[in-house]
Amino acid sequence: MTRMPRLALLAPAAVLAAALAGLVPLLVFAAAQGGQFALDAYVWRILGFTLLQAGLSTVLSLAIAIPAARALAFRPFPGRGLLLALFAVPQALPAIVVVLALVELYGQSGWFGGLLSLYGLSGILLAHVFFNLALALRFCLEALEDVTPENLRLADQLGFSSRARWRHVEWPALRALLPRLAALIFLLCAASFVVVLTLGGPSATTLEVAIYQSLRMDFDVSRAVTLALLQAGLCLVLVLLAGQLAAPMTGPPRLRLLQPARRRAGWLGLLAVAISVALVLPPLLALLVSGATSFSPRPILYQAVGTSVVIAMLSAGMSLVLAWTLALLQLRLPRSRGVLNAISLLGLILPPAVLATGWFILLRGFVHGPASSIALISLLNALMSLPFSVALLHGAMAAQLLPQDRLCAQIGLSGWARFKLIDQPALTRPLAQAFLIAFILSFGDLTAVLMLGSQGVVTLPSLIASEMGQYRSATAQGTALLLALLSFTGTLIANRMGRTP
Amino acid sequence: MMIRIDNGLYRHGAFTLAIDLRVPRGAFAAVLGPSGAGKSTLLNVIAGFEPLAKGSVMLDSRDMTMAGPAERPVTAVFQDHNSFAHLDAWSNVALGLSPTLSLDSKQRNDVDRALDLVGLSALAKRRPGDMSGGERQRIAIARVLVRKRPILLLDEAFAALGPGLRREMLRLIKALHASEGLTTLMVTHQPEDARTIAGSVIFVDKGVVRAPEDTPKFFASTDAGVRAYLGEWT
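Order-wise, the sequence lines are chains A and B. Taking numbering that gives the first Met the number 0, the leading residue of the first sequence gets 0, the next gets one more, and so forth. Taking numbering that gives the first Met the number 0, the leading residue of the second sequence gets 0, the next gets one more, and so forth.
Just so you know, these hints were derived from the structure itself, not from any lab. Idealized CB from N, CA, C, for every residue including glycine. Be aware that one or more of the hints could be misleading.
[What the hints assert, rightly or not] If you want the footprint, here are the derived chain A segments under chain B, 3+ residues with CB under 8 Å:
1. 161–167
2. 295–303
[Said to hold, decoys possible] Here's a subset of chain A near chain B, in silico, CB distances under 10 Å, partners left out:
3. Pro148
4. Glu149
5. Trp170
6. Pro171
7. Arg363
Work the whole structure out from these sequences, hints included.
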């Protein structure tokens with residue numbers, strides 16, 4: 000067994016410290032107020048709306064994704080690869096970009112203006128379904144494609160109808176996945192910030208947004224604390240329910256080579272596929288068309304790209320070091336695996352608004368100016384990407400390093416020599432992939448910038464948001480297209496790296 | 000002829016398999032050949048899981064080239080995953096009669112009898128996950144019995160079992176072959192299985208399915224491909 004240097008324990012310690020620095024001030028502040036939480040009607044209403052929109056988003060996403068996945072699974076047809084690639088795009092897009100695309104489509108002066116009211120519940124659902132329908136579709140497809148070829152052939156041989164296929168083949172394959180998938184989507188929607196901030200309103204606001212508004216607009220710290228504790232509790236429950244699904248989901252699903260089948264999709268499945276395309280494709284087209292026609296290079300744009308790159312580099316660097324160490328520790332200290340896993344999930348359990356609230360209270364009066372702001376934003380982004388990069392690296396290491404242990408022990412290969420000869424060649428790609436994923440997440444992030452930003456810190460996403468706020472939507476479209484293309488290219492490269500060479 | 004494939008060509012990427020095959024009614028043929036030669040592909044073509052690029056498939060004197068797996072007079076048994084994990088043994092056999100599991104009393108009797116014949120009566124309510132590998136394969140064989148299709152395809156069906164259990168299953172298959180008159184094709188990696196049970200051998204090598212040859216003749220063959228495949232084994 001390879002031993003880990005004591006120094007490695009600094010990584011979980013640092014993550015824990017950052018999380019506690021977010022949580023403890025909240026508790027202290029709450030205690031100092033005599034433990035009086037202002038659980039008034041306002042708070043209940045916000046909690047209610049948070050659960051309502053997350054619940055509806057989850058149900059809608061799954062209700063369309065499941066029949067669509069049934070129609071697409073096991074059924075090779077021309078254009079299938081293209082369709083699957085389309086459903087991989089939403090994952091690569093920053094939320095602000097999607098919001099802007101939806102405004103361009105369904106806003107008052109949009110292509111389909113007046114079709115529905117974009118601001119409020121319907122707009123939030125539209126954006127959340129855009130992201131999570133594609134996510135759910137890909138998870139369901141992967142689960143369905145795990146059905147053994149023998150079982151598929153058996154179903155064909157026995158002449159299963161669509162109903163019998165569902166009962167005996169598809170439902171058993173999805174049954175274990177669905178509760179966790181629902182919890183994951185619910186979590187993502189409950190903690191969603193940018194979408195609700197931009198498309199919500201006074202009556203359509205969630206805990207995450209309300210925390211931000213109490214803190215940055217109303218300077219009502221005690222209310223922010225109440226909301227943040229509620230939000231942390233909610234997210235903890237959901238993370239526990241989602242379990243290992245909080246793992247990386249990048250790239251199109253890994254699908255096997257399929258035998259040509261004569262099976263035909265039912266009308267329900269075809270309808271679901273059509274709805275999926277109608278929800279996902281138009282915003283992408285709107286983004287391309289209006290972005291390309293209104294793109295204009297200007298100094299503030301270059302400055303924003305520069306700041307975004309700096310923050311993303313810092314954040315991805317931190318994320319990589321922490322994730323690498325945490326993944327190694329999980330592998331080498333199997334008995335502490337649970338604790339270490341919980342630590343790497345802290346970024347999901349304590350959503351950005353919660354951490355930012357705590358840090359805000361702790362550092363009041365100490366932190367000024369762009370430099371410290373950039374450092375905090377990078378740290379917050381690093382924590383948010385940890386669940387994904389740890390899962391990715393742990394998976395790669397378990398597959399690549401563990402099988403080599405016996406042989407290495409036998410020939411006495413250890414330490415640096417082993418790393419250089421055995422581990423490094425096998426890990427270069429996953430490490431680069433983890434860095435890139437953290438980079439992209441941070442590059443497209445608006446949440447941390449809004450929570451912790453200061454004057455003078457302008458990133459690409461925050462530039463879009465401010466241009467939107469000033470009703471310069473044409474300029475914003477161009478900026479959004481640039482951000483989308485950069486994020487998409489990065490994701491594409493990361494996916495390439497994820498494939499075995 | 001029970002199975003007749005004329006001028007068949009299977010193609011998948013760079014892999015091709017030429018199939019020109021006649022198997023008489025009631026034959027028991029072993030399918031032998033090196034790994035990756037296309038033994039399973041041959042069975043998949045007969046069962047309708049994979050289409051031919053060229054040629055025709057006649058089964059039981061009917062043209063089945065375009066027919067789906069369920070329409071063909073064929074039951075295939077694979078090495079594993081011959082049952083659905085969420086259903087008990089009885090239901091897994093009953094699926095052979097009705098995909099919706101709605102059986103009349105005669106059909107129920109058939110299922111019970113089939114389970115009895117393969118020695119699974121006591122385990123009817125168990126799920127495949129709680130059964131041994133040999134018991135799981137018996138589910139598949141019981142399903143062969145209730146389906147009553149005249150062609151039986153065994154795709155390394157007993158390869159994962161120990162030697163004693165394997166021989167027992169082969170005896171069971173042999174008895175079925177005799178009592179039901181099933182035309183049987185058996186892919187195996189064990190030449191001795193072929194020698195003890197099969198009347199003829201279909202050798203698949205270098206992209207070609209060769210015509211069935213009497214078993215003793217096959218093992219005495221001086222053909223270079225056959226000798227290379229059998230190696231020291233004689």
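Hints versus structure:
Look at the stretch 161–167 of chain A against chain B: 3 of its residues bring a Cβ nearer than 8 Å to a Cβ of that chain, three or more, so the hint holds. Restraint check on the stretch 295–303 of chain A versus chain B: 0 residues with Cβ-Cβ distances below 8 Å, three needed, restraint violated. The beta carbon of A:Pro148 comes within 8 Å of a beta carbon in chain B, closer than 10 Å, and the hint placing it at the interface holds. About 4 Å separates the beta-carbon of A:Glu149 from the nearest beta-carbon of chain B, less than 10 Å, and the hint is met.
Satisfaction of the interface hint for A:Trp170 is found here, the shortest Cβ-Cβ separation to chain B being roughly 8 Å, below the 10 Å cut-off. Proximity of A:Pro171 to chain B holds as hinted, the smallest CB-CB distance being about 5 Å (cut-off 10 Å). Evaluation of the A:Arg363 hint against chain B yields a violated restraint, the C-beta minimum of about 57 Å exceeding 10 Å.
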